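Given the structure of chain A, go ahead and fit chain B onto it with the hints provided.
Number of protein chains: 2
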Amino acid sequence: MNRTELIAEIRRKKSFLCVGLDPDMNKIPDCLQGEEDVIFAFNKAIIDATLDYAVAYKPNLAFYEAYGLKGMVSLQKTIDYLRRLNVFTIADAKRGDIGNTSLKYAQAYLDPAGDFNFDAITVAPYMGEDSVKPFLQVPDKWVVLLALTSNPGARDFQNLEITGGAADGTALEKHLYEQVLRTSASWGNADNMMYVVGATRAEFLSDVRRIVPNHFLLVPGVGAQGGSLEEVCRYGLNDDIGLLINASRSILYAGKDTDFAEAARAEAARMQQQMQTYVR
Amino acid sequence: MNRTELIAEIRRKKSFLCVGLDPDMNKIPDCLQGEEDVIFAFNKAIIDATLDYAVAYKPNLAFYEAYGLKGMVSLQKTIDYLRRLNVFTIADAKRGDIGNTSLKYAQAYLDPAGDFNFDAITVAPYMGEDSVKPFLQVPDKWVVLLALTSNPGARDFQNLEITGGAADGTALEKHLYEQVLRTSASWGNADNMMYVVGATRAEFLSDVRRIVPNHFLLVPGVGAQGGSLEEVCRYGLNDDIGLLINASRSILYAGKDTDFAEAARAEAARMQQQMQTYVR
Chain A
1 MNRTELIAEI RRKKSFLCVG LDPDMNKIPD CLQGEEDVIF AFNKAIIDAT LDYAVAYKPN
61 LAFYEAYGLK GMVSLQKTID YLRRLNVFTI ADAKRGDIGN TSLKYAQAYL DPAGDFNFDA
121 ITVAPYMGED SVKPFLQVPD KWVVLLALTS NPGARDFQNL EITGGAADGT ALEKHLYEQV
181 LRTSASWGNA DNMMYVVGAT RAEFLSDVRR IVPNHFLLVP GVGAQGGSLE EVCRYGLNDD
241 IGLLINASRS ILYAGKDTDF AEAARAEAAR MQQQMQTYVR
Chain B
1001 MNRTELIAEI RRKKSFLCVG LDPDMNKIPD CLQGEEDVIF AFNKAIIDAT LDYAVAYKPN
1061 LAFYEAYGLK GMVSLQKTID YLRRLNVFTI ADAKRGDIGN TSLKYAQAYL DPAGDFNFDA
1121 ITVAPYMGED SVKPFLQVPD KWVVLLALTS NPGARDFQNL EITGGAADGT ALEKHLYEQV
1181 LRTSASWGNA DNMMYVVGAT RAEFLSDVRR IVPNHFLLVP GVGAQGGSLE EVCRYGLNDD
1241 IGLLINASRS ILYAGKDTDF AEAARAEAAR MQQQMQTYVR
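Protein chains in written order, with the working numbering: chain A, 1 to 280; chain B, 1001 to 1280.
Isolated chain A (complex conformation) (with noise of 0.2 Å):
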């Protein structure tokens, strides 16, 4: 899916939510455990019940990888699945490594010949400019960048104060995830690359925004992690919109019980209504 595609679905569905599917053995309601592929059958109820509010669907491969193969052969079936809809399919893989290395990974999961088939696939900057253009470099797909993340350690160091000069000898940024920013957009440009920016810090989306006023933006932390939806689109919002809102347990652990998908139904409803009044 392109971008003017994704900015067509977000008008018509006024909606630019993102589902987070996080599968968690421990939290998928009784009703669905005596399924012969437990994470694949809640998958897509959840994606049946949100699919009215949601544009995209993000799997989160920390929750399929931890189930081993098993987990892998459940993630399989949930991107084929997803493929067969109008929706963004972002692998949240956070993957980065030299070179010949992330081809290997931009093959994994942006190959359209290949068993994960996802329109995105979120990387981690470390690494610097090869571990993140071979990802780019896969025609008709995109890149979500880590600039600023929205747990406890994004302290750490993505809001280090940085000083001196950049490798190409540019003046810098004032942090590291700005740096980021600055530096990261000129390996791609808005049709091919977005960038994760929590929402538990929403007040920085100015900052964002002042460096890559066009890229759409990844934000999670809304919901669960306690980031405020009117805080971020006051901040993030562009013309083409340019978010893309993620939610995943809150959504996905709504209810319970067999009334699980309902519930997610609801809360995905929620949000879209608190969105449509920025879709314009």
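If you're looking for bench data, these hints aren't it; they were derived computationally from the structure. The structure displayed is predicted, hence computed values, not measured ones. A few of these clues could be false.
Stated by the list, open to error - Covered by chain B, according to a simulated footprint, are these stretches of chain A (three or more residues, beta-carbon under 8 Å): (1) 25–31; (2) 35–49; (3) 111–118; (4) 129–140; (5) 170–181.
Unchecked claim - Here are a few chain A residues that sit away from chain B, every Cβ distance over 12 Å (derived from the structure): (6) P125; (7) I211; (8) Q276.
As the list claims (entries may be wrong) - Simulated pairs of lysine-lysine, DSBU-like, Cα-Cα distance not exceeding 35 Å: (9) B/K1014 with B/K1077; (10) A/K256 with B/K1133; (11) B/K1133 with A/K174; (12) B/K1077 with A/K70; (13) A/K77 with B/K1044.
All C-beta atoms in this analysis are idealised placements derived from N, C-alpha and C, irrespective of residue type, glycine included.
This is chain B only, laid out in the frame that chain A set:
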């Protein structure tokens, strides 16, 4: 395998060689292409051929994920095979995410009851403390944290100069990679953490040793990437050796035909012979 056992193996074999298992279907010799599981057949032959000269093996997960579910089966067979030998095993995964997600990655690659029971996993530091600690909480297992990598992109962010105070109020190191060492060293200890420090910039190893004198360093970049073993040993050795030198392509693809295992063994032996003078 714990630190004492690892050091004992290093002294017994007079080697601190780690063989990177990066199987690439385009490079695996034709004579194996008829095997039912080509990747595992290749890995097994390489392991058998190099076992006298190597103390550690490091499958690079991208090279398995790139082949989808089939690749993950090959990875599972490979780690099962390695577990039967007295070697240190590293999942080169470069993972790292918010706490509850890193916990799932730890379960995926360090859990003795899981499909992929490695001794250690490589982790990316960008998301900070809560992204790393869940791995450290698995008993008797290791984190190998990225500090200074061997690729060109390492300059983009790892070498940025930083200023101001750290989140905990202490004074800062000069470069980001040094601050990653300084901050993260308090999250674990030399019995459950190692660091990735690339050999292509061996002179930086003296700065690394100033900050983490006792930790083991996993050093890529000797061999195919051009680093010098002698330089790495000059700056990086400590009283417990404290180094694992990784070689991947230079061993795996030393031969291109039916002699591939023999050629791999010869290359591993050549490296071990260089190393033995440093093992006391």
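Checked hints:
1. 25–31: violated (count 0)
2. 35–49: Coverage by chain B is violated for the stretch 35–49 of chain A (0 residues, Cβ < 8 Å).
3. 111–118: holds (count 3)
4. 129–140: Contact hint for the stretch 129–140 of chain A vs chain B: holds, 4 residues under 8 Å.
5. 170–181: Since three or more residues must qualify, the claim that chain B covers the stretch 170–181 of chain A holds, with 4 doing so at under 8 Å.
6. P125: violated (6 Å)
7. I211: At about 15 Å from chain B, A/I211 clears the 12 Å cut-off, so the statement holds.
8. Q276: holds (29 Å)
9. B/K1014 with B/K1077: holds (28 Å)
10. A/K256 with B/K1133: The given pair, whose Cα atoms are some 29 Å apart, holds under the 35 Å limit.
11. B/K1133 with A/K174: holds (28 Å)
12. B/K1077 with A/K70: holds (15 Å)
13. A/K77 with B/K1044: At roughly 30 Å apart (the allowed maximum being 35 Å), B/K1044 and A/K77 satisfy the hint.
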